[in-house]
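Counted the way full-length UniProt numbering counts, the sequence shown spans residues 1 to 444.
Since the hints were derived computationally from the structure, they do not count as laboratory data. Fair warning: there could be bad hints in the mix.
In silico DSBU-like cross-links for lysine-lysine, where the CA-CA straight-line distance does not exceed 35 Å [to be verified]:
1) K133 to K244
2) K346 to K133
3) K158 to K236
4) K346 to K72
5) K105 to K75
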Amino acid sequence: MENYAKIAATSKSRVVIIGGGFAGIELAKSLREADVQVVLIDKENYHTFQPLLYQVATAGVEADSIIHPFRKIFKHQQNFYFRLAEVVHVDTENRFVETSIGLIKYDYLVIATGATTNFFGNKQMEKNAISIKSLDDALELRNTILYNFEKALQLNDKEQLNSLMDYVIVGGGPTGVEVAGALCELRNHVFPKDYKELDFREMDIYLIQSGPQLLKGMSDEAGQKAQEYLERFGVKVWLNRRVKTYDGYTVTLDTGETLVTRTLIWAAGVTGAPVHGIRPDSVLKGNQLQVDVYNRVAGYENVFAIGDIAAMITEEYPLGLPMLAQPALQQGELLGQNLKRLMAGKPMQPFEYNDKGSMATVGRNRAVADLKLFKKEIKTQGFIAWLIWMFIHLISVVGFRNRLVVLVNWGWNYFTYDTGNRLIMGKKHVNVPVKETITEKTME
Numbered sequence: 001m002e003n004y005a006k007i008a009a010t011s012k013s014r015v016v017i018i019g020g021g022f023a024g025i026e027l028a029k030s031l032r033e034a035d036v037q038v039v040l041i042d043k044e045n046y047h048t049f050q051p052l053l054y055q056v057a058t059a060g061v062e063a064d065s066i067i068h069p070f071r072k073i074f075k076h077q078q079n080f081y082f083r084l085a086e087v088v089h090v091d092t093e094n095r096f097v098e099t100s101i102g103l104i105k106y107d108y109l110v111i112a113t114g115a116t117t118n119f120f121g122n123k124q125m126e127k128n129a130i131s132i133k134s135l136d137d138a139l140e141l142r143n144t145i146l147y148n149f150e151k152a153l154q155l156n157d158k159e160q161l162n163s164l165m166d167y168v169i170v171g172g173g174p175t176g177v178e179v180a181g182a183l184c185e186l187r188n189h190v191f192p193k194d195y196k197e198l199d200f201r202e203m204d205i206y207l208i209q210s211g212p213q214l215l216k217g218m219s220d221e222a223g224q225k226a227q228e229y230l231e232r233f234g235v236k237v238w239l240n241r242r243v244k245t246y247d248g249y250t251v252t253l254d255t256g257e258t259l260v261t262r263t264l265i266w267a268a269g270v271t272g273a274p275v276h277g278i279r280p281d282s283v284l285k286g287n288q289l290q291v292d293v294y295n296r297v298a299g300y301e302n303v304f305a306i307g308d309i310a311a312m313i314t315e316e317y318p319l320g321l322p323m324l325a326q327p328a329l330q331q332g333e334l335l336g337q338n339l340k341r342l343m344a345g346k347p348m349q350p351f352e353y354n355d356k357g358s359m360a361t362v363g364r365n366r367a368v369a370d371l372k373l374f375k376k377e378i379k380t381q382g383f384i385a386w387l388i389w390m391f392i393h394l395i396s397v398v399g400f401r402n403r404l405v406v407l408v409n410w411g412w413n414y415f416t417y418d419t420g421n422r423l424i425m426g427k428k429h430v431n432v433p434v435k436e437t438i439t440e441k442t443m444e
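From just these sequences and the hints, can you work out the full model?
Here it is as structure tokens:
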């Protein structure tokens, strides 16, 4: 007898959504008034506001202020059901999803699994580096940063000391730029108060970018201004270099240059996270699923993909839409409308991306923004861009309480030059344990 997950029986069409990121929750909301049963499957019971993960990693905001339970988000949506489970396989022929809690039948399947960190096949890097793609990653990085300084207090050996105090960030996109800026603020305003015995002039922060400028995908002005801000803050920006190897202690670049660090932060790319069971010819390079202008997966009539996992190739976007929140939100909303049209026997509407621009913050009072308003491009940097960045991110956080907590944290940090979440709780990433031969300091 087949083991089916326990979900309320229904005569209505069932829409199963795999993944509760921006795209998945927007689709579920779009189906609020539809005569369907909506089942969301996710391995966590909460939605994560990923753009602020770096602030959790650098002790700027509390972890629980950027997550929100699915059941709370949809508590008033009567046709919504959530199941905490991991998807093992999809059977598109018999129309069911095999999960860790049993089989779930579907009439329409929507894959919104997003993306995961791309180490480009480098197993050594995957083992030794820390990424920032999930809440667990962010907490692990925060714990590691704080633990490093606690260990540094016990050392006299200069090289070992530098290995704990220096940081290498790989990837000059928004995540890499924002992490570098946040670490600078900690170095300049917070850590010297916490660790008075350490000389923070010895703390080096490196940002390694493989291309000729930062923030690829944004304007040249934004990339150049971000680099100028970072270098003014004390970040060592190295362009046109690739990290070749990292053994947990020594970083080797393709130029032959080497750096010593216990902590390499990997922000160099992402890859799609497809589910097993989708035909191989529908999966493109980068593990994204090929979709048409209706977000229908190539080769299927009732299987769709939205968000980062979906590769919608168009004349305007020959490499697919950018893997950002805005395309995911817009695809989720339109697909909800299209599913209702499909079930009513009406033609679906093609997706057209409304590009509202991109932003990145570099630090206190410093950000860059390429905005598109009323078909006009607006480029701004500095304090105004920083205010815009904060406003957009604040209103995008899910839940009133979360918005309030984030706002209070930001206000406190701004006026006191302090971050209140410097706690080592849970997992940390420890590379190359301190050798027993290293002389440790003693309290005098």
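Consistency of the hints with the structure:
{"no.": "1", "hint": "K133 to K244", "verdict": "22 Å, holds"}
{"no.": "2", "hint": "K346 to K133", "verdict": "39 Å, violated"}
{"no.": "3", "hint": "K158 to K236", "verdict": "20 Å, holds"}
{"no.": "4", "hint": "K346 to K72", "verdict": "33 Å, holds"}
{"no.": "5", "hint": "K105 to K75", "verdict": "23 Å, holds"}
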